[in-house]
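Residues 1 to 138, numbered by the working numbering, are exactly what the sequence shown covers, in order.
Please note that a few of the clues may not be correct.
No more than 30 Å apart at the CA atoms, straight line, and that leaves these computed lysine-lysine pairs for DSS-like [said to hold, decoys possible]:
(1) Lys29 with Lys96
(2) Lys2 with Lys37
(3) Lys37 with Lys125
(4) Lys126 with Lys103
(5) Lys125 with Lys29
(6) Lys96 with Lys37
(7) Lys2 with Lys125
(8) Lys126 with Lys88
Now the in silico label distances, taken between C-beta atoms and shown as ranges [stated by the list, open to error]:
(9) Thr132 with Val105: 21 to 29 Å
(10) Gly115 with Asn52: 34 to 42 Å
(11) Glu108 with Leu27: 19 to 27 Å
(12) Arg106 with Glu30: 18 to 26 Å
(13) Lys125 with Asn52: 42 to 50 Å
(14) Glu74 with Leu11: 18 to 26 Å
(15) Thr42 with Leu112: 21 to 29 Å
For the record, the hints were derived by calculation from the structure and aren't laboratory data. Quick caveat, the model's predicted, so the values are computed rather than measured. Every residue, glycine too, gets a C-beta built ideally from N, C-alpha and C.
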Amino acid sequence: MKLETLGRHVLVEFYNCNEEILKNPILIKECMNEAAKIANATIVETVFHHFNPYGVSGVVIISESHLAIHTWPEYGYAAVDIFTCGNKIDPWIAFKFLEDIFKSVRSESIELPRGMVDKIRNYSKKELGKITFKPEFQ
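Build out the structure end to end from the sequences listed, making use of the hints.
This is the structure:
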């Protein structure tokens with residue numbers, strides 16, 4: 001039986017990455033936007049911040065949720081969240097793109113189901129119709 005969810009949340013640890021890439025806020029923003037696009041996401045807005053002397057944090061808001069990153073170039077490390085809703089996006093495509101572009105020697109990841117439909121229905125205090133990522137409003 002397939003677990004029915006509203007979304008998928010992939011948490012990623014990228015190790016031994018290219019430090020020059022991780023400290024470049026313009027390149028990080030471009031890479032995160034491209035990861036969203038190739039995963040078939042719809043970009044709504046992006047916000048990135050460059051820390052002094054280095055390190056970048058940012059988020060790409062997508063119609064289907066978000067991609068977020070925090071880099072520690074001095075350690076060659078980046079933490080990335082890829083949270084997607086619906087079934088038109090594969091977060092693992094974004095993961096693979098970022099792993100390659102950051103030249104990560106090692107990565108660890110886990111996928112968490114988000115918005116488990118059976119729990120939403122069981123814990124709700126009201127009668128619910130079909131539960132989907134983009135409900136149809138009447």
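- Which numbered hints does this structure break? As far as the earlier hints go, 3, 4, 5, 9 are violated by this structure, in ascending order.
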